[in-house]
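Colleague: Starting from the known structure of chain A, arrange chains B and C on it as the hints suggest.
Protein chains in written order, with numbering that gives the first Met the number 0: chain A, 0 to 244; chain B, 0 to 234; chain C, 0 to 223.
Hints were generated in silico from the structure; no laboratory data involved. Note that the Cβ used here is the ideal one computed from N, Cα and C, for glycine as well. Any given hint could turn out to be false.
What the hints assert, rightly or not - If you anchor each label on the Cβ, the simulated ranges turn out as follows:
| id | chain 1 | residue 1 | chain 2 | residue 2 | range |
| --- | --- | --- | --- | --- | --- |
| 1 | B | Ala28 | A | Gly38 | 54 to 64 Å |
| 2 | A | Tyr12 | B | Ala222 | 27 to 37 Å |
| 3 | B | Ala222 | C | Leu28 | 29 to 39 Å |
| 4 | B | Pro51 | C | Ala58 | 30 to 40 Å |
To be verified - Calculated Cβ distances over 10 Å to all of chain B for the following chain A residues:
| id | residue |
| --- | --- |
| 5 | Met0 |
| 6 | Gly50 |
| 7 | Thr55 |
| 8 | Gln87 |
| 9 | Arg110 |
| 10 | Met186 |
| 11 | Glu203 |
| 12 | Arg223 |
| 13 | Ile241 |
Unchecked claim - Heads up, incomplete: computed chain B residues facing chain C, CB under 10 Å, no partners named:
| id | residue |
| --- | --- |
| 14 | Val39 |
| 15 | Pro73 |
| 16 | Glu119 |
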Amino acid sequence: MQHLEVRDLSASYGSLAVLAGVDFSLARGEIVCLVGPSGSGKSTVLRALVGLTPPTGGSVAIDGKAIDYRSKASVRAARDRMAIVFQQYNLFQNMDVLRNVTIAPVEIKGRPRGEVEADARRILGNVGLADKLHAYPDQLSGGQQQRVAIARALCLKPEILLLDEVTSALDPELVNEVLDSIRALAMEGMTMLIVSHEMAFVKEIASRVILMDHGVVVEEGPARELVDAPRTERAREFFGKILRH
Amino acid sequence: MEWFLGQLARFYAPENLGLLWQSIGMTIALTFIGVGVGFVLAIVVAIVRQSPGWGMLPFRIAAIGFVEIFRRIPFLVVTYLVLFLIAAFVKGASLFLIAIVAICIYATAYLSEIIRGGIESVPRQQVEAATVMNFTRWQTLWHVIFPQSIPVILPPAVAFMIAFIKDTSLVSQIGVFELSFRGKELVNQGMSGLFVFGMIAVIYFCLSYPLTRFGRWLEIRLATSRSQGPERQLR
Amino acid sequence: MNYTFQFGVALDRLPDLLQGAILTLELGLLGFWGGALLGLLLASLKTYGGPLLRPLANAYVTFFTNTPALIQIYFIFWGLPDVGIVLSAFNSVLIGLTLNTGAYLCEIMRAGFLSVRRPELEAAETLGFSRWQQIWHVIVPHIAKTIYPALANYAVVLMLGTSMAMIFGVEELSGRAYNIASENYRHLEMFAIVAGIYVVLTLGASLLLALVGRVAFRVKAKVF
Numbered sequence: 000m001q002h003l004e005v006r007d008l009s010a011s012y013g014s015l016a017v018l019a020g021v022d023f024s025l026a027r028g029e030i031v032c033l034v035g036p037s038g039s040g041k042s043t044v045l046r047a048l049v050g051l052t053p054p055t056g057g058s059v060a061i062d063g064k065a066i067d068y069r070s071k072a073s074v075r076a077a078r079d080r081m082a083i084v085f086q087q088y089n090l091f092q093n094m095d096v097l098r099n100v101t102i103a104p105v106e107i108k109g110r111p112r113g114e115v116e117a118d119a120r121r122i123l124g125n126v127g128l129a130d131k132l133h134a135y136p137d138q139l140s141g142g143q144q145q146r147v148a149i150a151r152a153l154c155l156k157p158e159i160l161l162l163d164e165v166t167s168a169l170d171p172e173l174v175n176e177v178l179d180s181i182r183a184l185a186m187e188g189m190t191m192l193i194v195s196h197e198m199a200f201v202k203e204i205a206s207r208v209i210l211m212d213h214g215v216v217v218e219e220g221p222a223r224e225l226v227d228a229p230r231t232e233r234a235r236e237f238f239g240k241i242l243r244h
Numbered sequence: 000m001e002w003f004l005g006q007l008a009r010f011y012a013p014e015n016l017g018l019l020w021q022s023i024g025m026t027i028a029l030t031f032i033g034v035g036v037g038f039v040l041a042i043v044v045a046i047v048r049q050s051p052g053w054g055m056l057p058f059r060i061a062a063i064g065f066v067e068i069f070r071r072i073p074f075l076v077v078t079y080l081v082l083f084l085i086a087a088f089v090k091g092a093s094l095f096l097i098a099i100v101a102i103c104i105y106a107t108a109y110l111s112e113i114i115r116g117g118i119e120s121v122p123r124q125q126v127e128a129a130t131v132m133n134f135t136r137w138q139t140l141w142h143v144i145f146p147q148s149i150p151v152i153l154p155p156a157v158a159f160m161i162a163f164i165k166d167t168s169l170v171s172q173i174g175v176f177e178l179s180f181r182g183k184e185l186v187n188q189g190m191s192g193l194f195v196f197g198m199i200a201v202i203y204f205c206l207s208y209p210l211t212r213f214g215r216w217l218e219i220r221l222a223t224s225r226s227q228g229p230e231r232q233l234r
Numbered sequence: 000m001n002y003t004f005q006f007g008v009a010l011d012r013l014p015d016l017l018q019g020a021i022l023t024l025e026l027g028l029l030g031f032w033g034g035a036l037l038g039l040l041l042a043s044l045k046t047y048g049g050p051l052l053r054p055l056a057n058a059y060v061t062f063f064t065n066t067p068a069l070i071q072i073y074f075i076f077w078g079l080p081d082v083g084i085v086l087s088a089f090n091s092v093l094i095g096l097t098l099n100t101g102a103y104l105c106e107i108m109r110a111g112f113l114s115v116r117r118p119e120l121e122a123a124e125t126l127g128f129s130r131w132q133q134i135w136h137v138i139v140p141h142i143a144k145t146i147y148p149a150l151a152n153y154a155v156v157l158m159l160g161t162s163m164a165m166i167f168g169v170e171e172l173s174g175r176a177y178n179i180a181s182e183n184y185r186h187l188e189m190f191a192i193v194a195g196i197y198v199v200l201t202l203g204a205s206l207l208l209a210l211v212g213r214v215a216f217r218v219k220a221k222v223f
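Just chain A, with the same shape it has in the complex:
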């Protein structure tokens, strides 16, 4: 059984259809990258999965159990198993790093504070921020903020991690520190769905790549095959453009 299974997923902003029937699936521990031009709907896939942009059709199932996006309880249960990291980090500006990472496990999930804080310190140490526990988001660089955001997602102990263009807002010299944190996670066998523009990174980390355009999947395949030898014309055009940059 697939860990995450997406069938015919559609979604729209107002009257504008952004997803027009998207199909794909992730096996447990698999790392899949979503690529495509801006406006192709790849970020919307992630937003739809966690219910921020509620799907208008299709189905999403985790371990074969479908999520009912009209039911609050079902969406909450799904959000317990999936965590998302945003392009703009979206750290809570009024909380220090440790509070940002621990608030949801402690206040929302009700886990004991001591246990969560120990977890948080360990995870923040892993992403290289052990000395920034009491810094506020606006005292950190973009790369540091993004690593806090990843730590915050991990502290929720998700089964599936969704990363939405996590390096797009960063200065070039800060990109690697964030990618390193993701590489480390890949080693641990976390199931990940990654939206990214970093083709070198995509080729390195992804077991499969999905190319999207105009709200549908254009082509899908093992990373190297798809990026280096795309079958469809649209994919050739896209990767040709990207690699020329």
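Modeller: Okay, now just chains B and C, sitting in the frame of chain A:
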């Protein structure tokens, strides 16, 4: 000059001082209690106005109606409305209470708009981050939205309260014994209107001006603290 | 719960109230334009006034914005006769409101003055705009955009403020309602109707001002 000193001696005569203090205290009490309670109610109104779902629709409409109507009626008329409404149903209600209710209604209408502005100033992404971590609406409000909107809300809310020190003068019309009322009393006792109202104006100024300066200081302090890391001073 | 509402009796006097409303508008408009002129004068003094006039304008604004308008009018109506100046109730209220409005509008207009930035003027100059073209095409639109919404908002605030005139027996909207109520004893109903008229008046004024702002200055003023 002699005239001035004569009036001054009479205004601040020992037998008058007690009443003067009492009236100043009343002006301050009206402002702080009325606007303070109004602030709490304004939070409720602002939250109701932002609440989602069809079930809340009637409450939303009521909240919007309340705010839009009472911001378009003179405070003096609100005061009379409250006076006559309460007088119609309750015999012997205290004038102080009537004035407080009127101030509350007015302050709630104005402050809820200020609070709404503060809530709307919090970026949508902050709410989304909370939503995907399964924060409930209340948890999002409490942990994320309120702490982040306080620096936006506080300066105009404090400015409103300080401005209301002056507006409380209007409740003298229904007979509440505050500073303006005391002034009229002294004039009725035969003192010079020129002197009394000049002096009363000076007393209002002494109440209002330092607080205005404090408000401006607060605004600058909150503005600078926000750029360095919000609310650190507030935790 | 022993009060019986009798709106019928009160509504019979609606024409009287509407006459009062005209006086309200009159007070509001006169006070606003007087205040605007005074505010413009004060703002110029504050900006270009030099070491003598600037502190004077500052003191005026500080004093008038930190004391109640009611007390200012009391001073004029009950105080000035002590030195031989006797003004009618209407004139006292009008002068008081004008002096008060001037102080508040000064602050708004000053913000407008400060919003015109040198580089834009220089840009206009390099484009060969004449002095008047500069003023018309650069300065006026800029100032209008900055201050129009605040001025429009203050006009509505002032309209509500004119109700103070009732305290001095002026028969504007509130005053007339009060006097009628003391004849027919329908205080609650009279004031409820008056409240409604104020809502309609200010809503109409807001809409009109927003429309004028949009057409004349391309300013988006908020009605709500």
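Colleague: Output the numbers, in ascending order, of every earlier hint that fails for this structure.
Modeller: 4, 6, 8, 14, 16
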